[in-house]
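Peer 1: Now for the letters of each chain:
There are 8 protein chains.
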Amino acid sequence: MTNPQVLILIGSDSDLPVMEEAEKVLKEFGVACEMRISSAHRTPKLTAALTAGAADRGIKVIIAGAGMAAHLAGVVAAETTLPVIGVPTGGGALNGVDALYAMVQMPGGVPVATMAIGKAGAKNAGIFAVQLLALSDSGLAGKLVAYRERMAAEVIARDEKLQTERAS
Amino acid sequence: MTNPQVLILIGSDSDLPVMEEAEKVLKEFGVACEMRISSAHRTPKLTAALTAGAADRGIKVIIAGAGMAAHLAGVVAAETTLPVIGVPTGGGALNGVDALYAMVQMPGGVPVATMAIGKAGAKNAGIFAVQLLALSDSGLAGKLVAYRERMAAEVIARDEKLQTERAS
Amino acid sequence: MTNPQVLILIGSDSDLPVMEEAEKVLKEFGVACEMRISSAHRTPKLTAALTAGAADRGIKVIIAGAGMAAHLAGVVAAETTLPVIGVPTGGGALNGVDALYAMVQMPGGVPVATMAIGKAGAKNAGIFAVQLLALSDSGLAGKLVAYRERMAAEVIARDEKLQTERAS
Amino acid sequence: MTNPQVLILIGSDSDLPVMEEAEKVLKEFGVACEMRISSAHRTPKLTAALTAGAADRGIKVIIAGAGMAAHLAGVVAAETTLPVIGVPTGGGALNGVDALYAMVQMPGGVPVATMAIGKAGAKNAGIFAVQLLALSDSGLAGKLVAYRERMAAEVIARDEKLQTERAS
Amino acid sequence: MTNPQVLILIGSDSDLPVMEEAEKVLKEFGVACEMRISSAHRTPKLTAALTAGAADRGIKVIIAGAGMAAHLAGVVAAETTLPVIGVPTGGGALNGVDALYAMVQMPGGVPVATMAIGKAGAKNAGIFAVQLLALSDSGLAGKLVAYRERMAAEVIARDEKLQTERAS
Amino acid sequence: MTNPQVLILIGSDSDLPVMEEAEKVLKEFGVACEMRISSAHRTPKLTAALTAGAADRGIKVIIAGAGMAAHLAGVVAAETTLPVIGVPTGGGALNGVDALYAMVQMPGGVPVATMAIGKAGAKNAGIFAVQLLALSDSGLAGKLVAYRERMAAEVIARDEKLQTERAS
Amino acid sequence: MTNPQVLILIGSDSDLPVMEEAEKVLKEFGVACEMRISSAHRTPKLTAALTAGAADRGIKVIIAGAGMAAHLAGVVAAETTLPVIGVPTGGGALNGVDALYAMVQMPGGVPVATMAIGKAGAKNAGIFAVQLLALSDSGLAGKLVAYRERMAAEVIARDEKLQTERAS
Amino acid sequence: MTNPQVLILIGSDSDLPVMEEAEKVLKEFGVACEMRISSAHRTPKLTAALTAGAADRGIKVIIAGAGMAAHLAGVVAAETTLPVIGVPTGGGALNGVDALYAMVQMPGGVPVATMAIGKAGAKNAGIFAVQLLALSDSGLAGKLVAYRERMAAEVIARDEKLQTERAS
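Residue numbers (our numbering), protein chains in the order written: chain P, 1 to 168; chain F, 1 to 168; chain X, 1 to 168; chain E, 1 to 168; chain W, 1 to 168; chain Y, 1 to 168; chain R, 1 to 168; chain G, 1 to 168.
Incorrect hints may have been included.
What the hints assert, rightly or not - Okay, derived cross-link-like pairs now, DSS-like style, lysine-lysine, Cα gap no bigger than 30 Å in a straight line:
1. F:45 <-> P:45
2. F:119 <-> X:60
3. X:119 <-> W:161
4. X:161 <-> P:27
5. R:119 <-> P:143
6. X:60 <-> P:24
7. G:161 <-> P:143
8. E:27 <-> X:45
9. G:161 <-> Y:161
10. W:161 <-> E:27
11. F:119 <-> G:161
12. W:45 <-> R:143
13. F:45 <-> F:119
14. E:119 <-> F:119
15. W:119 <-> W:27
16. R:119 <-> Y:119
17. X:143 <-> X:24
18. E:161 <-> F:161
19. R:45 <-> W:24
20. W:60 <-> W:143
21. X:60 <-> W:27
As the list claims (entries may be wrong) - Listed next, with one range per pair, are the computed distances between beta-carbon atoms:
22. X:145 <-> G:136: 58 to 64 Å
23. G:56 <-> R:52: 55 to 61 Å
24. R:13 <-> X:149: 32 to 38 Å
25. P:17 <-> W:13: 38 to 44 Å
Claimed, not checked - The following residues of chain X were derived to be distant from chain E, with all beta-carbon distances above 10 Å:
26. 24
27. 70
28. 71
29. 79
30. 98
31. 104
Hints are computed from structural coordinates only; laboratory data are not their basis. Beta carbons: idealized from backbone N, C-alpha and C, even for Gly.
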């Protein structure tokens with residue numbers, strides 16, 4: 001079995017339905033990943049251990065998804081120099097604005113690459129992880145180009161379908 | 001020298017002018033405190049060490065002040081069962097709304113008692129710390145009552161001054 | 001029957017489903033509490049009486065939950081020097097942002113320790129009350145440590161379950 | 001000396017520069033008013049006394065100006081059935097949005113008639129008070145019509161001045 | 001049949017379910033009112049005519065309810081010197097924050113007394129109208145006191161019911 | 001002298017410094033315009049008259065600039081079927097978000113074409129007015145293309161200057 | 001078959017149900033339009049081609065509807081000097097505030113005429129397009145006047161229905 | 001001279017003071033970069049050309065900084081599969097919230113890794129670019145570890161200085 005290159009961390013299994021979008025994309029690109037549950041607040045030591053040891057296990061990118069006062073991505077970024085991608089998973093009274101601000105507004109020195117709130121953000125976290133890995137993997141780079149072409153083709157197909165409907 | 005009962009933590013000395021309001025109140029009440037600089041993101045291990053060892057050094061309350069994606073209070077709260085009071089220090093493009101959301105929206109299990117953004121919040125963090133300590137210190141309880149009476153007297157004095165001005 | 005140490009105040013029984021999260025936590029820790037309905041605006045005298053007499057009845061902490069222009073916690077804090085914890089109960093057109101601002105932005109001198117909007121905040125209000133009482137009750141302090149360990153164990157168990165699912 | 005018909009309450013003299021706009025309008029209309037400083041949180045009993053006794057002293061309308069978690073108007077409205085007009089005085093980290101929400105979002109049963117944030121709101125509070133009094137004072141009603149005509153004339157004069165400038 | 005003293009204006013019948021709360025309160029107090037549909041944007045002339053003629057028909061207070069870019073209250077206030085109460089009816093993508101800002105932020109000179117977003121605001125608009133009329137109608141003033149007592153009694157009854165439930 | 005094709009309306013001369021950006025652009029394109037001061041709230045009849053008579057005077061587009069609860073554009077749009085462009089002029093406690101919401105959130109049936117808050121929006125209002133007029137004026141259409149090319153050339157010149165600076 | 005005068009562009013068919021409101025209005029006015037799907041991000045070249053060629057195909061106005069970080073209208077506006085109308089289609093975690101800001105806050109030089117979030121905005125985009133075309137099409141101008149009269153008549157009919165209901 | 005590995009794109013030289021923070025960090029790490037001015041709206045073709053040709057010139061990461069309706073990062077991301085980092089440069093009436101939403105809320109398929117608003121975000125964009133390059137450059141990886149240690153040492157030095165001041 002291939003060693004995972006991407007670690008997806010979530011603080012609670014309530015974030016799983018959102019963050020599976022990232023996992024799905026990574027699988028689609030054939031990038032091995034592992035999804036782990038570890039909370040910034042409830043299991044800080046486990047989170048630090050998972051993060052600090054990540055590079056040695058071959059992890060190249062960490063994706064952290066969390067909601068509300070979402071500290072997970074920042075806490076992870078503090079423990080590693082690997083790139084950390086943050087996904088505000090949304091929900092709650094503030095619909096994810098809290099999580100967005102708590103992730104994106106990192107002070108100078110410790111960046112978190114923040115994606116959109118919710119499933120679109122999780123999907124893009126997966127794609128962005130692939131883009132990072134593709135910098136030194138021409139196979140992945142080629143797959144990204146193909147992925148873009150497929151997306152474009154889908155848009156064009158939908159437009160054609162619409163034109164047909166409107167013409168009839 | 002008395003052991004400090006309150007630890008005030010700030011992530012950067014740019015938060016000092018705001019958080020000195022808490023220090024000032026504590027001194028006014030004769031409560032020994034220490035102000036330490038340690039960042040959630042830049043010195044996570046020092047922060048964890050300061051926090052985890054706090055109870056043993058006689059600390060009873062921790063006040064954490066931070067701005068932007070303010071994780072300090074939450075990170076501290078994850079490492080101790082002492083009460084943690086958070087102050088969003090404000091400033092930056094979002095004027096402290098980011099810090100407020102990143103502090104107050106803690107998920108269930110690990111509370112941060114959040115105060116107002118900026119100096120009013122820092123002052124109230126100091127008073128709230130005194131209120132906690134006063135639960136088992138009748139001297140402090142008495143000082144709190146006197147403090148309230150002094151505040152009321154000041155309001156009344158200002159009102160009297162205003163009435164005199166308006167009457168003349 | 002034990003005297004209550006924590007008074008939970010709500011302005012209307014529509015806040016009950018949210019604030020029962022605080023009650024539940026307190027029961028779990030064996031802390032006697034009473035839940036009272038009294039409004040800042042509809043029964044101001046009763047609210048003042050309940051608050052002013054609280055310390056004499058042995059109350060050590062007051063938790064106030066309210067929505068919209070949530071004045072209850074501030075009004076209570078004005079009548080006592082006991083620590084007051086506020087919970088913006090959420091709901092309404094503004095989803096609790098109104099209640100959050102109306103609670104957390106207290107002016108200097110009269111603090112309200114504000115928790116997250118809704119059920120997570122109510123639960124944390126209960127835990128924070130226990131943390132305050134634990135300052136002079138080593139039994140409670142021990143229970144808090146155990147509670148944290150239980151939370152951590154649950155996270156780890158969920159992670160293990162996830163790993164098993166992903167491996168199969 | 002005429003008995004005041006309007007009571008202007010402010011919680012702190014820092015609100016004075018804003019609320020003097022209301023006083024100025026009332027003087028312009030020849031409506032006697034008194035400006036009092038009394039805080040919802042620092043002098044709750046004085047605030048309640050001033051409010052509860054207002055009707056008996058001949059007060060017909062109360063204007064309350066406050067900033068941050070502005071409870072003053074709501075606390076006053078809870079103690080009287082006289083109309084209460086609220087002015088979020090603005091300032092602070094949230095520029096008065098906190099005060100606006102804390103005033104306008106009153107729960108059903110106890111209304112606060114809320115004006116704009118800051119000086120425009122204070123001025124309008126004065127005018128609105130005159131509009132209420134004018135319901136049973138035809139002299140005031142006439143002055144209001146004249147005031148509107150003066151405002152319109154000023155706009156027209158400015159437009160004429162602008163046309164002259166643009167034409168030259 | 002009594003002449004209406006209060007005119008309730010709505011821009012569209014979609015605002016009816018919200019604004020009936022105002023109508024209900026006025027009926028409860030025995031204050032005759034009329035509910036009219038007239039839009040600031042779709043029937044500006046009718047709106048101006050209804051407003052300008054209101055005082056002559058015996059109307060003393062106008063309540064205007066509208067959503068989105070809610071101009072109705074301001075447009076009405078521009079045509080009369082009667083007191084105008086605004087209710088942001090809520091709904092839409094911005095949940096009534098747009099309507100709140102479009103009502104409450106009136107420039108100096110033409111006030112709109114703004115209530116909370118939605119049904120609570122509509123109810124309070126009705127009560128506030130009664131408070132205005134009660135300034136020169138001692139019967140209404142007495143009914144307001146009784147209304148407040150009834151509200152207080154309901155809160156107390158709910159509290160007693162809760163105590164009984166908790167005790168059993 | 002040419003008849004104006006564009007009417008720029010402002011509610012107060014405090015909006016003049018912002019709205020002169022629109023005037024400047026129109027002059028640059030040789031489009032005759034007139035700037036008039038007339039308030040939605042203080043001179044509603046003048047505003048209606050200016051608007052209703054606009055088409056007959058040869059006006060083809062109306063630009064309305066206003067701040068706070070900015071009703072001017074909507075009130076104008078209600079009186080004409082000419083295209084109305086709105087500019088939230090900004091300023092005040094809410095920095096123009098109030099004016100933006102009060103302009104852009106027009107209900108179905110009466111559109112206001114809303115531009116950015118402040119000077120950028122005023123400038124774009126002018127350009128957009130030119131774009132409308134260019135639909136039936138090929139001279140203007142040509143000028144727009146030239147304007148775009150000039151803008152592009154300026155960006156390129158700045159980039160070249162920067163490259164030279166960085167290279168030296 | 002008539003050449004379309006209005007091009008409606010959407011980035012994804014999920015925006016179709018909203019943007020059909022624009023199409024419906026245009027059909028009602030007898031204005032030929034075409035609805036095309038082309039994304040700013042997924043098919044940038046197709047979007048540029050559709051836009052750049054629009055004027056030559058007889059298109060006079062472009063309506064672009066998009067959600068989230070809605071770049072479509074701005075990207076289109078960069079490629080043409082035809083008037084571009086933007087509709088923030090709403091939905092997502094931020095309910096369309098993101099799309100509104102991403103459309104309306106265009107920098108000086110390249111305007112996007114922004115409508116309300118969601119269906120009301122789409123409908124108004126259609127009406128605004130008709131208003132532009134009516135500048136050089138007196139038939140359309142007459143239809144607009146009739147449309148307004150129909151809208152007014154509907155409001156009046158609803159008011160009459162309400163008066164009848166209330167009277168019975 | 002070394003080929004640049006990082007392309008920093010800004011839409012206007014007003015963004016230069018903010019984005020120089022990114023340039024500064026890259027220089028500090030010895031990573032060759034080029035700063036180019038090209039606008040999404042004013043020079044769309046140049047922007048597309050710079051982006052599409054970037055990979056061939058050896059560029060591995062693109063950083064795009066923009067304010068207001070900040071489309072630059074998204075437009076760039078649509079033209080390349082290289083990782084794109086976005087910096088909302090802030091300023092304007094909305095203080096950068098508009099730019100933040102217009103960058104971070106990218107729809108699924110085309111990610112933009114968004115940093116904090118303003119200078120802190122620009123600095124972090126530089127660091128994040130280094131983190132990406134360090135995935136295949138162990139020299140850079142070592143420098144990142146040293147950078148973190150230096151940051152930690154600075155925090156500790158400031159804390160020691162504070163302790164000395166407080167002790168004296």
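Peer 1: Hint by hint, say whether it matches the structure.
Peer 2: These are the hints, each one checked on the structure:
1. Between the alpha carbons of residue 45 of chain F and residue 45 of chain P the distance comes to roughly 11 Å, so the proposed pair stays at or under 30 Å and holds.
2. Taken as a hint, the residue 119 of chain F and residue 60 of chain X pair is honoured in the structure, with Cα atoms around 27 Å apart against an allowance of 30 Å.
3. Note on residue 119 of chain X and residue 161 of chain W: the hinted pairing holds, with a Cα-Cα distance of about 23 Å set against a maximum of 30 Å.
4. A threshold of 30 Å between alpha carbons decides the hint, and for residue 161 of chain X with residue 27 of chain P the separation of about 20 Å falls inside it, so the pair holds.
5. Taking the CA atoms of residue 119 of chain R and residue 143 of chain P, the gap is near 38 Å; set against the 30 Å cutoff, the hint is violated.
6. With a CA separation close to 51 Å, the supplied pair residue 60 of chain X and residue 24 of chain P exceeds the 30 Å bound.
7. The straight-line distance between the Cα atoms of residue 161 of chain G and residue 143 of chain P is roughly 53 Å, outside the 30 Å bound, and the hint therefore fails.
8. For the hint linking residue 27 of chain E to residue 45 of chain X, the alpha-carbon distance of about 35 Å lies beyond 30 Å, and the restraint is violated.
9. Distance restraint check for residue 161 of chain G and residue 161 of chain Y: the Cα-Cα separation of roughly 44 Å exceeds the 30 Å cut-off, and the hinted pair is therefore not satisfied.
10. Taken as a hint, the residue 161 of chain W and residue 27 of chain E pair is broken in the structure, with Cα atoms around 51 Å apart against an allowance of 30 Å.
11. Annotation: proposed proximity of residue 119 of chain F to residue 161 of chain G holds, straight-line Cα distance about 23 Å (limit 30 Å).
12. For the hint linking residue 45 of chain W to residue 143 of chain R, the alpha-carbon distance of about 20 Å falls within 30 Å, and the restraint holds.
13. At roughly 28 Å between alpha-carbon atoms, residue 45 of chain F and residue 119 of chain F fall within 30 Å of each other, so this suggested pair holds.
14. For the hint pairing residue 119 of chain E with residue 119 of chain F, the CA-to-CA distance comes to about 24 Å; that is within 30 Å, so the pair holds.
15. Restraint check: the Cα-Cα separation between residue 119 of chain W and residue 27 of chain W comes to about 16 Å, which is no more than 30 Å; the hinted pair holds.
16. Restraint check for residue 119 of chain R and residue 119 of chain Y: the C-alpha separation of about 29 Å stays at or below 30 Å, so the hint holds.
17. For the suggested pair residue 143 of chain X and residue 24 of chain X, the alpha carbons sit about 15 Å apart, so the restraint of at most 30 Å is met.
18. As the CA atoms of residue 161 of chain E and residue 161 of chain F are separated by approximately 44 Å, the hinted pair breaks the 30 Å bound.
19. Restraint check: the Cα-Cα separation between residue 45 of chain R and residue 24 of chain W comes to about 59 Å, which exceeds 30 Å; the hinted pair is violated.
20. Taking the CA atoms of residue 60 of chain W and residue 143 of chain W, the gap is about 19 Å. The hint holds against a cut of 30 Å.
21. The hinted pair formed by residue 60 of chain X and residue 27 of chain W fails the criterion: a straight-line CA distance of about 46 Å is larger than 30 Å.
22. As the Cβ distance of residue 145 of chain X to residue 136 of chain G is approximately 45 Å, the hint placing it in 58 to 64 Å is violated.
23. The hint said 55 to 61 Å for the Cβ distance between residue 56 of chain G and residue 52 of chain R, and at roughly 25 Å that hint is violated.
24. Checking the proposed 32 to 38 Å range against residue 13 of chain R and residue 149 of chain X shows it is violated: the Cβ atoms sit about 51 Å from each other.
25. The hinted window of 38 to 44 Å between residue 17 of chain P and residue 13 of chain W holds, with their beta carbons roughly 40 Å apart.
26. For residue 24 of chain X, the shortest C-beta to C-beta distance to chain E comes to about 25 Å, beyond the 10 Å cut-off, and the non-interface label holds.
27. Not every beta carbon of chain E lies more than 10 Å from that of residue 70 of chain X, the smallest distance being close to 8 Å; the non-interface claim is violated.
28. Not every CB of chain E lies more than 10 Å from the CB of residue 71 of chain X, the least distance being 4 Å, so the non-interface label is violated.
29. Its beta-carbon lying about 6 Å from the closest one in chain E, residue 79 of chain X breaks the requirement of being farther than 10 Å from that chain.
30. A beta-carbon of chain E comes within 10 Å of the beta-carbon of residue 98 of chain X; the shortest separation is about 4 Å.
31. Chain E draws residue 104 of chain X into its interface by the beta-carbon criterion, the shortest separation being 7 Å against a cut-off of 10 Å.
The structure is inconsistent with the numbered hints 5, 6, 7, 8, 9, 10, 18, 19, 21, 22, 23, 24, 27, 28, 29, 30, 31, although it conforms to all the rest.
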